[in-house]
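For the sequence shown, the UniProt record's numbering gives the first residue as 1, with consecutive numbering after it.
It is worth saying that the hints were derived from the structure and are not from the lab.
Take these hints with a grain of salt, some might be off.
[Said to hold, decoys possible] In silico DSS-like links for lysine-lysine, alpha-carbon gap of 30 Å or less:
1) K379 x K264
2) K25 x K135
3) K598 x K355
4) K274 x K227
5) K761 x K469
6) K675 x K598
7) K264 x K228
8) K478 x K414
9) K723 x K761
10) K598 x K306
11) K632 x K398
12) K191 x K25
13) K414 x K355
14) K675 x K355
[Unchecked claim] Distance ranges between label pairs, derived from CB positions:
15) E748 x R363: 45 to 53 Å
16) E269 x L301: 26 to 34 Å
17) E428 x D542: 47 to 55 Å
18) S482 x D742: 48 to 56 Å
19) L301 x E343: 18 to 26 Å
Keep in mind that this is a model prediction, so the values were computed, not measured.
We treat Cβ as the ideally placed atom computed from N, Cα and C, and that holds for glycine.
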Amino acid sequence: MPDKRDVLLQRLLAMFRIEAEAHLKDISSGLLALEGKPVDTPAFDIIENMLRCAHSLKGAARAVNFAQVEETCRSLENVFSALKDKSLAVSSSLIDRLLGTVDALGTLVSGEGSMAERQKPLLTTITRQLDETLKSPIKEGRTGSSLSQAASPLSLLPPDESSVARADVSTHLRTSTSSHASATIRVPTVKLEKVLRQVEELLLPCLTARQRAKELGEITATLATWKKQRLQIQSAVRIIDRELTSSLKDSPFRGQHGLPKLLKYLDGEPLQMKALEERLVRLQRTIEQDQRALAGMTDCLIQDVKEMQLLPFSTLLDILPRFSRELAREQGKSLELVVSGGEVEIDRHILEEMKDPLIHLVRNCIDHGIEQPAARLAKGKPSSGRITFACSQSDSGKAEIRVADDGGGINIGKLKAAARKLGVMSEEEMEQLGESELLALIFRSGVTTSPLITDISGRGLGLAIVREKVEALGGSIKVKSSTDTGTAFHILLPLTLTNTRGVLVHAGGQLFVIPSSSVERVVRIAKNEIQTVKNRETILVDEQPVSLVRLNDILELARNSAEMEPTHYLRGIVLSSGLGRVVFLVEEVLGEQEVVIKALLRPLKRVRNVAGVCMLGTGRVVPVLNVPDLLKSAVKASSATFISTQDSSAEKQGTSSKHSILVVDDSITARTLLKHILESAGYSVTTAVDGVEGYTALKTGAYSLVVSDVEMPRMDGFALTAKIRADKQLAALPVVLVTALDSRDHRERGIDVGANAYIVKSRFDQSNLLEATRRLISISSIKA
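Model the full assembly from the supplied sequences, consistent with the hints where possible.
Encoded structure:
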């Protein structure tokens, strides 16, 4: 079995060769560009770039113990520095010498057996030659030609070795590029992200194709039902024909009625219907096959592009050994860092975002957890502390990172005192918390058990930042601690940031999508299973009490009348994160499906409880819920509203449904969002694209309130408001202006024309709009 160090070294060497090839290519291009410049033309940028490349290559060579490359790069640095400060003149012979150096370095780092070995004496000569160049600078200008007189690095070798070296370099120049390019290429991450976004867009045609196949199946079923009904009608027509023929037996009109023709048509129709039905079935089968093929190819393509973004977890830990060693030494502590699971691959975006949180955790473990050597020996522990990093992939397809120390653990008493001093919660509230809930207080901003503020800790911000970062990535973090045994942080992260699956639910008469990564399970709840624990409605999940709330109450939506019908069972969905677990009651769980989540743009960048939107296969746009926001809202929600608010919610819905609101906005996005928010609150909403259309709607319909944008074609919001106030029939109608115009002059103009409320889009909050709407309609109703 190969040694782990050898495996790591081989991986580092492969990465070094790729990096060295890029640096040497840049230096070679720079030298050629430098040679082509006139003598009096500034070349500072070119020389500076070559100097940086040589410096970076020197550092990379040192990391993989490539001493000869490091020494040659140091000489290159000295030459480029001399060129930069103009103590050395650029000449053709110098350019030749430097290009020969680059070629020799390229052959050596390629690692191609005997060719690389032959470059070692050549590089020794080149390094000495570069050092001598600095001692006796070449005075020839850039435009002079001294190729015949210049001492090429190869010419300093014995004749036989020189010819072999020339052949090796020539062969290397022809083959090195193709050999490395065939194994790996460098692609800018921006291009990878662009490809991933475009590939994800393929999900929309897949969803649409699936929907079309479903609709075609429904058409086929409808045709089959129609066929059965037609057979019944045909038999009824035959009976009527016999009775009519019998009654007209002796009549001169016998045989003149049209029923025989109708029966003849009905007799021939089954063949046509059968042919049509067969065509529909074949078409449905073909569409389903095409849809499955498209879905399969899309899934594979998405997976392949996602894998391009994956990096080993070990790449995140490169900076931690030295950082932890130095920090422990500053505090007089001894430390051992243990890493396992470094081969688990995670999205590079997640690794980049997790770098700072892991540094915070290491700092916390060293400063707060690991004791001084004397204290550890007194407790019977080794004098050297231990911090363990373990990464594994869970069955749910997530990465679980465990950061643990064997220190003194978290002092619960000090933690409670710090939280009480900061005013996080009262003593009575803390007494009701369990141990895990108390430990979660360390993630509150400002809570710290350190008695002294230093440049390392004591401000109570580090762990708060860790939780915010983890939750922003769609993950969760928990902490466990035991006195004198240590503390362990458990972080659960998605392997990739792109989430293409969601659970479709129905709540408050609206459709919503919840990311599948945050859904623990779906449950059916009997009403007699609901219990009250610590003044909160709860049910037992895995023998543990879990809070129970209604999703429509959290989203401030009116309760659906169908939901309030008596039923023995309720449907719920269990959501979990670092904040805990909560069961959200919904009207219906429609299933899980692929979704393409789109983030909200300004001015709707941050809407409470909403993470973005997605489009279903039917073309309907559905909000995607923000699970951390939902859990925070659930914690703040009143725990006693489960039964007592049913009647009041029904009354509220009945009241709000009586009111109609006119939304006037030329932006379809803003118009759709405002319509969705108001309809979710139980109002009836009509939309108009500008002031002229809005005023026409007001004259032809009855509305309780107008919500209008300001900047619109034909008639803007100010002109519309003024026209409403000048109309005797509409003068008392409340008007709310929702606009991006935030200046004092625009606000004053809004007041002058008679607007009742002025909401700025850059600070838009749906609760402000709904509150203003309810208040203005209420005042208007009282006046009426």
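Checked hints:
1. About 103 Å separates the Cα atoms of K379 and K264, which puts this hinted pair outside 30 Å; it is violated.
2. Of the supplied pair hints, the one linking K25 and K135 holds, its CA atoms being roughly 27 Å apart against a limit of 30 Å.
3. A hinted pair counts as satisfied when its Cα atoms are at most 30 Å apart, and K598 with K355 qualifies at roughly 26 Å.
4. Pair hint K274 plus K227 holds up; C-alpha atoms about 9 Å apart against a cutoff of 30 Å.
5. With a C-alpha separation of about 27 Å, the suggested pairing of K761 with K469 holds against the 30 Å cut-off.
6. Under the criterion of a C-alpha separation no larger than 30 Å, the hint pairing K675 with K598 is consistent with the structure, at around 19 Å.
7. A threshold of 30 Å between alpha carbons decides the hint, and for K264 with K228 the separation of about 18 Å falls inside it, so the pair holds.
8. As the CA atoms of K478 and K414 are separated by approximately 19 Å, the hinted pair is consistent with the 30 Å bound.
9. About 23 Å separates the Cα atoms of K723 and K761, which keeps this hinted pair within 30 Å; it holds.
10. Distance restraint check for K598 and K306: the Cα-Cα separation of roughly 18 Å lies within the 30 Å cut-off, and the hinted pair is therefore satisfied.
11. Of the pairs offered as hints, the one joining K632 and K398 holds, with about 23 Å between alpha carbons and a cut-off of 30 Å not exceeded.
12. Of the supplied pair hints, the one linking K191 and K25 holds, its CA atoms being roughly 22 Å apart against a limit of 30 Å.
13. Between K414 and K355 the CA atoms are separated by roughly 29 Å; this keeps the pair inside 30 Å, and the hint holds.
14. Proximity of K675 to K355 is assessed by CA-CA distance (about 42 Å); at most 30 Å being required, the pair is judged violated.
15. At about 52 Å, the CB distance of E748 to R363 agrees with the hint of 45 to 53 Å.
16. For E269 and L301, the Cβ-Cβ distance of about 47 Å falls outside the hinted range of 26 to 34 Å, so the restraint is violated.
17. Evaluation of the 47 to 55 Å hint for E428 and D542 yields a failure: the beta carbon distance comes to about 28 Å.
18. For the pair S482 and D742, the supplied restraint of 48 to 56 Å holds, since their beta-carbon distance comes to about 54 Å.
19. Distance hint for L301 and E343: a CB-CB separation of about 25 Å, consistent with the stated range 18 to 26 Å.
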